[in-house]
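There are 2 protein chains.
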Amino acid sequence: MTPKKTLAAFLDELASSSPAPGGGSVAALAGALGAALTAMVCSLTIGKKKYAAVEQEMTRILAQAGELRARFTTLIDTDTAAFNKVMEAFGLPKDTDPQKALRAAAVREATKEATLVPLQVMKHCIDALALTRQVAVAGNLNSISDAGVAAWMLHAAVESAGLNVRINLNGLSDQEFVGWKSEELESLRKSSRMMVEEIQSIVAEKLRKE
Amino acid sequence: MTPKKTLAAFLDELASSSPAPGGGSVAALAGALGAALTAMVCSLTIGKKKYAAVEQEMTRILAQAGELRARFTTLIDTDTAAFNKVMEAFGLPKDTDPQKALRAAAVREATKEATLVPLQVMKHCIDALALTRQVAVAGNLNSISDAGVAAWMLHAAVESAGLNVRINLNGLSDQEFVGWKSEELESLRKSSRMMVEEIQSIVAEKLRKE
Chain A
13 MTPKKTLAAF LDELASSSPA PGGGSVAALA GALGAALTAM VCSLTIGKKK YAAVEQEMTR
73 ILAQAGELRA RFTTLIDTDT AAFNKVMEAF GLPKDTDPQK ALRAAAVREA TKEATLVPLQ
133 VMKHCIDALA LTRQVAVAGN LNSISDAGVA AWMLHAAVES AGLNVRINLN GLSDQEFVGW
193 KSEELESLRK SSRMMVEEIQ SIVAEKLRKE
Chain B
13 MTPKKTLAAF LDELASSSPA PGGGSVAALA GALGAALTAM VCSLTIGKKK YAAVEQEMTR
73 ILAQAGELRA RFTTLIDTDT AAFNKVMEAF GLPKDTDPQK ALRAAAVREA TKEATLVPLQ
133 VMKHCIDALA LTRQVAVAGN LNSISDAGVA AWMLHAAVES AGLNVRINLN GLSDQEFVGW
193 KSEELESLRK SSRMMVEEIQ SIVAEKLRKE
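Residue numbers (the numbering used here), protein chains in the order written: chain A, 13 to 222; chain B, 13 to 222.
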């Protein structure tokens with residue numbers, strides 16, 4: 013399990029000639045980093061007299077960011093597993109016609125699954141960005157740059173997961189699935205861009221006043 | 013040392029109420045992830061017949077990306093140390109005038125140092141983006157989405173480190189230092205935006221053809 017690995021070992025594995033973990037797992041990790049930083053701003057706000065009015069809100073966000081972080085952390089390995097399943101399907105025998113048909117079906121199913129994992133990462137990022145927005149607005153001003161970093165990580169996670177959705181959709185011929193998922197992909201990317209832009213302008217405004 | 017920590021432990025520390033590691037360390041880690049993914053594309057290109065013509069180029073980039081990754085990995089802890097030094101300086105006694113003057117000087121020096129660390133992260137990101145561009149152009153087509161993810165991570169690292177430069181510059185009154193470093197900050201951000209845009213259009217073009 014990746015979360016039990018050291019950072020150095022994970023980076024080594026990433027840089028190696030093994031194709032997984034790759035960009036899909038990094039997208040999920042970036043999501044986890046964004047959720048953890050959002051939680052940090054809550055942790056640095058809770059218990060401070062000056063922020064007593066938002067204590068309840070911050071406690072709620074802290075719990076939600078923690079849940080999202082756990083999901084992202086799981087998705088690091090889910091993505092690697094989904095990728096390996098596609099590779100396994102490609103490795104099935106293709107000597108006879110029935111074998112070919114079985115192999116094609118296995119590749120198709122595994123590729124669909126490998127599309128759904130990064131889409132899930134994207135959806136969680138949108139939820140996380142909503143929390144990041146709240147901590148940027150109401151959290152400890154001293155941590156405003158951390159809220160900004162959280163938003164950049166989540167945006168990079170959305171775009172990165174999006175590239176993994178796209179490359180998997182390219183391998184599918186089911187035009188209905190491809191059409192629906194492409195639409196979902198673009199709508200999630202658009203939401204992320206709008207949210208990050210808004211959060212960064214809140215952060216920039218507070219950094220100016222600081 | 014952070015690289016020896018597990019991912020789970022690092023994420024826990026990040027989310028905690030300890031202000032460091034924080035966004036500055038995450039920026040350096042995002043740089044390391046971008047450099048590692050760039051190296052991965054090289055690793056998946058080297059030794060493949062189809063890419064024999066770029067083997068030398070990929071071997072060179074692999075080594076350079078490895079060096080940059082090592083620097084980013086070191087900077088994760090350098091940033092935490094620089095932040096802690098600022099906090100220490102703020103903790104110095106301020107009962108007498110000489111104490112106040114010493115404290116102010118210590119805060120000033122530590123804050124300047126804490127500005128230079130994320131600036132260094134930004135510069136390394138620009139170098140890394142130049143390598144990522146090369147692997148997007150000439151590396152294994154099957155890894156094109158990984159090159160795209162590398163670019164998003166490096167861009168998020170630039171913007172994240174930039175927020176840390178900005179918040180530290182806000183604490184300084186040396187207008188010459190603030191002026192020069194602000195200019196450098198904006199020029200590095202602009203370079204990153206242009207490079208990432210170019211890399212993403214190379215990636216999108218190849219994903220369309222794929």
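In case anyone wonders, no lab produced these hints; they're calculated from the structure. Certain hints may be false.
The list treats identical chains as interchangeable, and a pair is accepted whether it falls inside one copy or across any two copies.
[What the hints assert, rightly or not] With a cut-off of at most 25 Å between alpha-carbon atoms, the simulated SDA-like pairs for lysine to any residue come out as follows:
id: 1; residue 1: K221; residue 2: D89
id: 2; residue 1: K17; residue 2: R83
id: 3; residue 1: K135; residue 2: T71
id: 4; residue 1: K60; residue 2: D186
id: 5; residue 1: K218; residue 2: S30
id: 6; residue 1: K62; residue 2: A82
Results for each hint:
For the identical chains of this complex, K221 and D89 are neighbours neither inside a copy (42 Å) nor across copies (29 Å), given an alpha-carbon limit of 25 Å. Taking the closest pair of Cα atoms, K17 and R83 come within 25 Å of each other both inside a single copy (17 Å) and across two copies (20 Å). For a Cα distance limit of 25 Å, the shortest separation of K135 from T71 inside one copy, 22 Å, qualifies, whereas the shortest one across copies, 37 Å, does not. In this assembly of identical chains, the alpha carbons of K60 and D186 never lie at most 25 Å apart, being 54 Å within a copy and 31 Å across copies at closest.
Taking identical chains as interchangeable, the C-alpha atoms of K218 and S30 lie at most 25 Å apart only when they sit on different chains, with a minimum of 22 Å there against 44 Å within one chain. Taking the shortest alpha-carbon separations for K62 and A82, neither the intra-copy value of 30 Å nor the inter-copy value of 41 Å comes in at or below 25 Å.
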